[in-house]
Amino acid sequence: MGADCPADCQQLKLFFPSLSPGRADLETGTRQMQSVERLTRSAKETFEVARQLGEELAGGEVLALVGDLGAGKTTFTRGLVCGTGCEEYMRVNSPTYVLEQVYQGRIPVRHYDAYRLDSPYELEDLGFQEALSTEAVLVVEWADRVQSLLPADSLLLELSFARSDGDEEGPGNARLLRFSSADGSWERRLAGLRCRADNE
Numbered sequence: 001m002g003a004d005c006p007a008d009c010q011q012l013k014l015f016f017p018s019l020s021p022g023r024a025d026l027e028t029g030t031r032q033m034q035s036v037e038r039l040t041r042s043a044k045e046t047f048e049v050a051r052q053l054g055e056e057l058a059g060g061e062v063l064a065l066v067g068d069l070g071a072g073k074t075t076f077t078r079g080l081v082c083g084t085g086c087e088e089y090m091r092v093n094s095p096t097y098v099l100e101q102v103y104q105g106r107i108p109v110r111h112y113d114a115y116r117l118d119s120p121y122e123l124e125d126l127g128f129q130e131a132l133s134t135e136a137v138l139v140v141e142w143a144d145r146v147q148s149l150l151p152a153d154s155l156l157l158e159l160s161f162a163r164s165d166g167d168e169e170g171p172g173n174a175r176l177l178r179f180s181s182a183d184g185s186w187e188r189r190l191a192g193l194r195c196r197a198d199n200e
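If you read the sequence shown in my numbering, its first letter stands for residue 1, the second for the next number, and so on.
If you are wondering where the hints come from, they were derived from the structure by calculation, not from laboratory data.
These numbers come from a predicted model, not from an experiment.
Hints may be right or wrong, so weigh each one.
[Unchecked claim] The calculated label-pair distances, taken between Cβ atoms and stated as ranges, are:
1. T134 to S94: 20 to 26 Å
2. S185 to E130: 33 to 39 Å
3. E124 to E88: 24 to 30 Å
4. S133 to F161: 22 to 28 Å
5. N173 to E122: 19 to 25 Å
6. G70 to S133: 31 to 37 Å
7. L126 to G172: 31 to 37 Å
8. E56 to M90: 17 to 23 Å
9. R116 to S160: 20 to 26 Å
10. A58 to N173: 20 to 26 Å
11. F161 to V102: 16 to 22 Å
12. S148 to N173: 32 to 38 Å
Where a beta carbon is used, it is the ideal one built from N, C-alpha and C, also for glycine.
Let's have the full structure, built from the sequences with the hints guiding it.
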């Protein structure tokens with residue numbers, strides 16, 4: 001799965017500084033980075049990819065979302081919450097002003113927004129470290145602002161604007177979703193997303 005690019009490995013190590021040689025030596029291949037890219041052509045498709053992933057979650061996972069304003073981080077979270085069986089997924093919005101929202105489905109989802117945080121310690125004050133030891137799925141928007149708190153087995157999702165066929169005037173609703181992780185437990189779930197994309 002396009003796993004042995006040194007530049008990508010270095011980027012992941014920088015994003016998750018808690019990666020130590022003892023846990024994951026990406027450069028020597030002790031643990032290979034897994035990456036999958038998915039082009040979505042609408043917010044509906046972004047939602048659907050997230051819903052599929054949400055169905056695969058067992059609880060305790062951390063998803064680190066990175067992307068510009070309007071790139072689709074909250075849309076993705078809404079789909080993910082739907083995939084966990086929460087009937088109130090449509091009320092998912094950016095928790096910028098309250099910093100954290102909790103949604104209860106088959107498994108709980110704790111949704112954080114770090115956009116307005118001045119320091120990662122503010123997320124700690126919300127009990128983020130304690131939440132890491134629960135069965136909840138933790139979703140962090142603007143995760144690059146609190147990356148020092150994120151565990152090495154997190155799934156990094158980079159959302160960016162993209163062009164799709166027929167989009168002649170530049171980026172519209174198309175998005176490129178790039179999933180990356182150094183943790184092998186994501187491999188099957190990422191492979192499933194890739195197969196769905198390849199078969200469409």
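Q: Run the structure past the numbered hints and jot down the numbers of the failing ones, going up.
A: 2, 4, 5, 10, 11
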